[in-house]
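Protein chains in written order, with the numbering used here: chain A, 1 to 349; chain B, 1 to 349; chain C, 1 to 349.
Derived by calculation from the structure, the hints in this document are not laboratory data. Treat the hints with care, as some may be off.
The list makes no distinction among identical chains, and a pair is therefore deemed to hold if it is satisfied within one copy or across any two copies.
Distance condition first, Cα-Cα at most 20 angstroms in a straight line; then the derived EDC-like pairs of lysine to aspartate or glutamate [as the list claims (entries may be wrong)]:
#1 Lys183 <-> Glu169
#2 Lys129 <-> Glu107
#3 Lys296 <-> Glu166
#4 Lys129 <-> Glu169
#5 Lys3 <-> Asp198
#6 Lys3 <-> Asp297
#7 Lys239 <-> Asp333
#8 Lys183 <-> Glu50
#9 Lys3 <-> Glu203
#10 Lys129 <-> Glu50
#11 Lys3 <-> Asp186
#12 Lys53 <-> Asp306
It should be emphasised that the depicted structure is a prediction, and the values quoted were computed from it without experimental measurement.
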Amino acid sequence: MDKANRGNFFEDFSVGQTFRHATPKTLSNGDQALYTALYGSRFAINQSEEFAKAVGFAKAPLDDLLVFHVVFGKTVADISLNAIANLGYADCRFLKPVFAGDTLCAESEIIGLKENSDGKSGTVYVRSKGVNQRGETVLDYARWVMVRKKQHGAASKHAQAPRLPEAVEPGGLGGGCPSINAKAWDGTLAGSSHRHQDYQTGERIDHIDGVTVEEAEHMMATRLYHNTARVHFNALEEKRGRFGRRIVYGGHVMSIARALSFNGIANGFHIAAINGGRHLAPLFAGGTVYAWSQIKDTRRLEGRDDVGALRIVTTATRDLPAGEYPTRAPTGDGPGVILELDYWVLMPL
Amino acid sequence: MDKANRGNFFEDFSVGQTFRHATPKTLSNGDQALYTALYGSRFAINQSEEFAKAVGFAKAPLDDLLVFHVVFGKTVADISLNAIANLGYADCRFLKPVFAGDTLCAESEIIGLKENSDGKSGTVYVRSKGVNQRGETVLDYARWVMVRKKQHGAASKHAQAPRLPEAVEPGGLGGGCPSINAKAWDGTLAGSSHRHQDYQTGERIDHIDGVTVEEAEHMMATRLYHNTARVHFNALEEKRGRFGRRIVYGGHVMSIARALSFNGIANGFHIAAINGGRHLAPLFAGGTVYAWSQIKDTRRLEGRDDVGALRIVTTATRDLPAGEYPTRAPTGDGPGVILELDYWVLMPL
Amino acid sequence: MDKANRGNFFEDFSVGQTFRHATPKTLSNGDQALYTALYGSRFAINQSEEFAKAVGFAKAPLDDLLVFHVVFGKTVADISLNAIANLGYADCRFLKPVFAGDTLCAESEIIGLKENSDGKSGTVYVRSKGVNQRGETVLDYARWVMVRKKQHGAASKHAQAPRLPEAVEPGGLGGGCPSINAKAWDGTLAGSSHRHQDYQTGERIDHIDGVTVEEAEHMMATRLYHNTARVHFNALEEKRGRFGRRIVYGGHVMSIARALSFNGIANGFHIAAINGGRHLAPLFAGGTVYAWSQIKDTRRLEGRDDVGALRIVTTATRDLPAGEYPTRAPTGDGPGVILELDYWVLMPL
Chain A
1 MDKANRGNFF EDFSVGQTFR HATPKTLSNG DQALYTALYG SRFAINQSEE FAKAVGFAKA
61 PLDDLLVFHV VFGKTVADIS LNAIANLGYA DCRFLKPVFA GDTLCAESEI IGLKENSDGK
121 SGTVYVRSKG VNQRGETVLD YARWVMVRKK QHGAASKHAQ APRLPEAVEP GGLGGGCPSI
181 NAKAWDGTLA GSSHRHQDYQ TGERIDHIDG VTVEEAEHMM ATRLYHNTAR VHFNALEEKR
241 GRFGRRIVYG GHVMSIARAL SFNGIANGFH IAAINGGRHL APLFAGGTVY AWSQIKDTRR
301 LEGRDDVGAL RIVTTATRDL PAGEYPTRAP TGDGPGVILE LDYWVLMPL
Chain B
1 MDKANRGNFF EDFSVGQTFR HATPKTLSNG DQALYTALYG SRFAINQSEE FAKAVGFAKA
61 PLDDLLVFHV VFGKTVADIS LNAIANLGYA DCRFLKPVFA GDTLCAESEI IGLKENSDGK
121 SGTVYVRSKG VNQRGETVLD YARWVMVRKK QHGAASKHAQ APRLPEAVEP GGLGGGCPSI
181 NAKAWDGTLA GSSHRHQDYQ TGERIDHIDG VTVEEAEHMM ATRLYHNTAR VHFNALEEKR
241 GRFGRRIVYG GHVMSIARAL SFNGIANGFH IAAINGGRHL APLFAGGTVY AWSQIKDTRR
301 LEGRDDVGAL RIVTTATRDL PAGEYPTRAP TGDGPGVILE LDYWVLMPL
Chain C
1 MDKANRGNFF EDFSVGQTFR HATPKTLSNG DQALYTALYG SRFAINQSEE FAKAVGFAKA
61 PLDDLLVFHV VFGKTVADIS LNAIANLGYA DCRFLKPVFA GDTLCAESEI IGLKENSDGK
121 SGTVYVRSKG VNQRGETVLD YARWVMVRKK QHGAASKHAQ APRLPEAVEP GGLGGGCPSI
181 NAKAWDGTLA GSSHRHQDYQ TGERIDHIDG VTVEEAEHMM ATRLYHNTAR VHFNALEEKR
241 GRFGRRIVYG GHVMSIARAL SFNGIANGFH IAAINGGRHL APLFAGGTVY AWSQIKDTRR
301 LEGRDDVGAL RIVTTATRDL PAGEYPTRAP TGDGPGVILE LDYWVLMPL
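Please model the entire structure based on the sequences and the hints provided.
In structure tokens:
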């Protein structure tokens, strides 16, 4: 009788299987303060109740990626405790704003399974969502992750990889954003005079700054999200692992990159959707993260004359200033790209 | 005229002496968020307002050990600034839940003194309690601590060691826990389907995970608790000290072990009492903490058909996976047991 | 078209130029909890709602230096991103208490410019203020900072250094402090029985304790304040910099010194003004900070019989216990003085 959870292995999953994950979490101003201290996030709607109310929010919403990490974190104990690698995200939509005081639960459904040819592991495709205390879905996304088999060569399941969109259609964006009073939008306080129409497809922006990551920081962040993946916390075991040390949670890199992107995209106040995310190489404590962005598309939203959408690919690098817009992943411990994050942000017109 | 506090020495104490400690502290969601980030605590009643209310709490109570550390921390400046070692705890009862917004004060009484034969130090026995803004005692416990004498060989006091119970009687447990609606207890959200009747005396549970501790983490925790014991903060002075480096506050280890114990005892939502705690060896930053637990007793509480009590001994180790249930303390820097914590938790029937 | 901010250079400033800085910030109990965890601040009015209300505050005010750092932090992106050194502060007055829930904005005016003779840099004199959501100025101060020129030898401006007071006149102090019920002031809970009349001009107090600083701590603090000065965050770039490593934000040292000063000046509950601050040497992670204080003046405030003012110079050292009241700055990596902070605190009569 084993009461401790050792996590599910590849052969434990079946398509259509559903999970309600532990532990529900009420988010508070304390979570937001920690998020700010960990990443230096400066987007005005998340930092100032006054600014948020002036432009049309009921109150200051929490940072979108804080919400993402809290929902993601809950799925780990059921889905990815025996993961080898988190392979990708798709079709991630932020559907409702989340405020301090809201309580989030996470639910998942297995939408695909594909065994690897070596018989030792397979890819699990899962759709997860975050649900608030009123039963409203605030976040919905798919991810796929390579998970170990308990028994090598265990009987293979029918291979089934789901069809996932290359990008979220901009038509459906904006549920997480109330009607914005663009005239009340104070660009000086928000940190930029550049609005939606000032960005061009193809434009590249070096976010300039670099930030060195410490073990205490990424572990505090990852625990705040209830993410229990072992590779982030146990230096003794990881010494014998693939990289010889703790690996920083990939979402920590996403949040660093998003915070750095403020310097150049300060008015991109809301992540409406994540089209895809690729972790090209791991990050370790002591590494310095830089970021640059490219505008991949710029769209008006049907029926809205307050905000438009920018599709952005933000590239985060390790130990490499981003001024020359590098695109190659590092080899070994070398400098290079660690993350490509493809997402839609909303910006006042 | 020396206005700075250098702390009391053994000869400064007398039996019956009382203290009202500085500084009162209003606990907030910010304290709880930090506690979660520092330990990864996932017990549902502390994390979710919705869950807590559904089962019978007025709102989400703060983690019990956060309350313990805040009360303990206040006693340090008066009791143990000149301590050589914290020897033990006994008869620690959690009497009322504590919520964000409550303000805690701490008070102590010296209940025993026993000089050591070398004339250089002695054991101080002290009973401390935490009191909320309504004057209600929320926590009451005894501890004993070895304290330096200012003058070696200073006149000895009458030796007087108090009688303390080996364990808290289960009859008196549960004041800190309202009537729980066990039917509304959602084990899936709470993280376990195992309830009180599923645990057997003698049963052992490996909590599996290990977590490596950083200097920034234990110092932030210890300062949050207003604990000013110098060995935790001053690397320059500790370089010349017994261990050559800063020592992690023993309560930090208790909280790590409690958080790890979620994996196997997720429904043990409330610490009703601590029977005893022994710090068998110190922990230093860089060390990796594991934990395992043994069920020492299982009891029904008179007049309550909502929750039962489990007496648990949780053993925390340093740099040693707990799967083989080790019981030996480390020698030197080696791996081994650093904490044995004997306590009662409440769990839904 | 460069949308990322590379900061202003010396030749970009002109006297009379004004700035409204990004990003407004609503302060919360979460910010206060982090502040307590980072410094161990124990002043009773900031820590306890009950204590604050009993003595006359509407509720517990936030730590004064938290307010200072939040206002200072906002000015960095516009004023000092290309700073070589922060040279000094003057005439800093705390005019209104700030509470959790208040939103602060920062505004600045350039009040002087003085080119250096080498043609490579110059001193920028700036007056900044923090303004709350009701438009009330809560903090007002001047600082001067040496800023790089973009083009060496660029055309010189008219040299103009403003006249700044050597110290804030005690007559104008106290706007940030309501009428205090000195009889309700519980010295035991506050941590000291020493009141205003117990301190003498010339008196020196060793604050005894030392605290070693970690990279994760000073970076989390500095990000919490929205301070983006690069020298604090980027180890890769600083490896090639003046000191070979990240430099701790000078305000972090101020807050450590203030927290240490509790041990000896516990009733000095409110910083009413900062007369001047000099950072004599940088601090790096791994350094241990100590502090001592000298009472420079003691004054009654006209029309107030509740509190008096103490002018204090607190000296912070690096790797040097403060018991011998050192005054010399370190050479190279050696021990010595890193900060002299000259300020007025209020204390009950």
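(message) Within, between, both or neither: how does the pair Lys3, Glu203 come out at a Cα-Cα threshold of 20 angstroms?
(response) So Lys3 and Glu203 pass the 20 angstroms test across copies only (10 angstroms; inside, 54 angstroms).
(message) One pair to classify: Lys3 and Asp198, alpha carbons no more than 20 angstroms apart. Within, between, both, or neither?
(response) Result: close only across copies, 10 angstroms inter versus 57 angstroms intra.
(message) Within a copy, between copies, both or neither: which one fits Lys3 and Asp186 at a CA-CA cutoff of 20 angstroms?
(response) Result: close only across copies, 17 angstroms inter versus 55 angstroms intra.
(message) One pair to classify: Lys296 and Glu166, alpha carbons no more than 20 angstroms apart. Within, between, both, or neither?
(response) Within one copy only: 13 angstroms inside a chain, 55 angstroms across chains, cut-off 20 angstroms.
(message) Cα distance capped at 20 angstroms. Does Lys3 pair with Asp297 within a copy, between copies, both, or neither?
(response) Only across copies: Lys3 and Asp297 sit 17 angstroms apart there, 50 angstroms inside one copy, limit 20 angstroms.
(request) Could you figure out if Lys129 and Glu169 sit no more than 20 angstroms apart (CA to CA) within one copy, between two copies, both or neither? (result) within (18 angstroms within a copy, 45 angstroms between copies)
(request) Measure nothing new, just compare the shortest in-copy and cross-copy C-alpha distances for Lys129 and Glu107 to 20 angstroms and report within, between, both or neither. (result) within (5 angstroms within a copy, 42 angstroms between copies)
(message) Within, between, both or neither: how does the pair Lys183, Glu169 come out at a Cα-Cα threshold of 20 angstroms?
(response) neither (27 angstroms within a copy, 43 angstroms between copies)
(message) One pair to classify: Lys183 and Glu50, alpha carbons no more than 20 angstroms apart. Within, between, both, or neither?
(response) within (15 angstroms within a copy, 38 angstroms between copies)
(request) First find the shortest C-alpha distance between Lys239 and Asp333 inside one copy, then the shortest across copies, and answer within, between, both or neither for a cut-off of 20 angstroms. (result) both (15 angstroms within a copy, 18 angstroms between copies)
(message) Treating 20 angstroms as the Cα threshold, decide for Lys129 and Glu50: within, between, both or neither.
(response) Classified as between; 18 angstroms across copies, 30 angstroms inside a copy.
(message) Please sort Lys53 with Asp306 into within, between, both or neither, judging by C-alpha distance up to 20 angstroms.
(response) So Lys53 and Asp306 pass the 20 angstroms test inside one copy only (15 angstroms; across, 39 angstroms).
When the structure is compared with the earlier hints, a violation turns up for hint 1 alone.
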